[in-house]
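My numbering puts the first residue of the sequence shown at -6, with every later residue one more than the last.
Hints are computed from structural coordinates only; laboratory data are not their basis. Check before you lean on any hint, since a few could be wrong.
Here are the simulated lysine-lysine pairs, DSS-like style, with alpha carbons at most 25 Å apart [claimed, not checked]: (1) 155 with 185; (2) 185 with 135; (3) 257 with 185; (4) 150 with 257; (5) 185 with 110; (6) 257 with 155; (7) 326 with 257; (8) 185 with 150; (9) 110 with 73; (10) 32 with 185; (11) 150 with 135; (12) 32 with 155; (13) 32 with 257; (14) 32 with 73.
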Amino acid sequence: MATLAKPQRTIQPLLQGARGYRKHLGQYGGGGRSSVNDKTVAVFGATGFLGRYVTNQLGRTGTRCFIPNRGCEMDVRRTKVQFDLGQVVFPFYSSSDEQSMRDAIGNADTVVNLIGKHYETKHLCFTRKEDGAINRVNSSFKNVNVDVAGMLARAAKAQGVKNFVHVSALAADPDSPSRWAQTKFAGELAVKEAFPEATIVRPAKLFGNSDRLLTWIALMATRMGRVPLVNDGDNLIQPIDARNVAQVLMAIIDDPENLDYRGKLVELAGPGEFSWREVADLVLDTTHRARVTDVEGMSMLFARGYGMLLEQLPNPLFTEDEALAMSVDVVLKPNPDALTLEDFNITNPFKMEECAISIVRRFRTVQHFGFVKGYH
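Whenever a hint applies, use it, and build me the whole structure from the sequences.
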């Protein structure tokens, strides 16, 4: 009688194929938060508005992540749930200590700089600075946007990081009346000097949950009873959804060796141009506050004075520098040297007028299920 052939052990290959258990060295799992890919990314400024979108995308793809922070547990607690166990570390760093930045970067392949501030933080009392000046400013625009950015780029270069991504702003301009916009441009130069292969990303005004655009207008309407608009709100902006910016950053992080990205300038803006007054009207119509809120066109002199008054408060809603920033158009201009959304195959970006209801619905004064014709 013929001998039967020994059966093949096929269960393990089947399981590996079904689960995508191991594709390359350093990669495990079939994708998603419980998988592990072969990338390690350090994200500075991850606790900010844009940072939460970027870290969420990193967690969804199984990326090991360093989230450097200044030691406040409350700042990083919501970031923990975006990653699987052991996939995220929260090292301490000081923005005035380059060695602490190097320690926080560790063996990361990519560093993303999202550090920024829309106002200059102040002490309660006047203090003397290293240069002898006496003022209340703790962290100035120059310190945050230029000095820290350059220091971080030098630290990344010293650590042998392959890819450095610096997020600036579409409003960055050395000739802007806004010191924030001026220092954003100076920060790009500081980064390029220390890390010539860095990718500079310039997003337009961002919108999303708890943003500084739609939510800001709703907060001004509810807390202050008026929305300040410089030049009668005629200046144009081109808002972009933070999710689209996060998509672009993920594309750069996922392919750090791509020469199409290294050392390049990326300018990002949404599909539509709006005046400040149009954005304010959209928010007030959506929140049913158009009849009880004054959309106030201010002269530059009055707007600067109003901003100087409010910026004395903690976490001010409006500042003198923001009044200056609102006085210029910030829209995408033709630039053959810059990449745009189309270069990242994002051909249908989110539209602000369609997303506004989900962002500012909580500011409505009527029932939760009220609707506004034209915005759904």
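For each hint, the structure was consulted:
A threshold of 25 Å between alpha carbons decides the hint, and for residue 155 with residue 185 the separation of about 14 Å falls inside it, so the pair holds. Between residue 185 and residue 135 the alpha-carbon distance is near 16 Å, which keeps this suggested pair within the 25 Å criterion. This hinted pair checks out: residue 257 and residue 185 have alpha carbons roughly 10 Å apart, not beyond 25 Å. Only pairs whose Cα atoms come within 25 Å are accepted, and residue 150 paired with residue 257 is accepted, the gap being roughly 17 Å.
Taking the CA atoms of residue 185 and residue 110, the gap is about 21 Å. The hint holds against a cut of 25 Å. Between the alpha carbons of residue 257 and residue 155 the distance comes to roughly 14 Å, so the proposed pair stays at or under 25 Å and holds. Annotation: proposed proximity of residue 326 to residue 257 holds, straight-line Cα distance about 16 Å (limit 25 Å). The hinted pair formed by residue 185 and residue 150 meets the criterion: a straight-line CA distance of about 11 Å does not exceed 25 Å.
Pair hint residue 110 plus residue 73 holds up; C-alpha atoms about 23 Å apart against a cutoff of 25 Å. Proximity of residue 32 to residue 185 is assessed by CA-CA distance (about 24 Å); at most 25 Å being required, the pair is judged to hold. Taking the CA atoms of residue 150 and residue 135, the gap is about 21 Å. The hint holds against a cut of 25 Å. For the hint linking residue 32 to residue 155, the alpha-carbon distance of about 11 Å falls within 25 Å, and the restraint holds.
Straight-line distance between C-alpha atoms of residue 32 and residue 257 comes to about 21 Å, which keeps the hinted pair within the 25 Å bound. In summary, the hint linking residue 32 to residue 73 is supported, as the alpha carbons are separated by about 18 Å, within the 25 Å threshold.
Checked against the numbered hints above, the structure breaks none of them.
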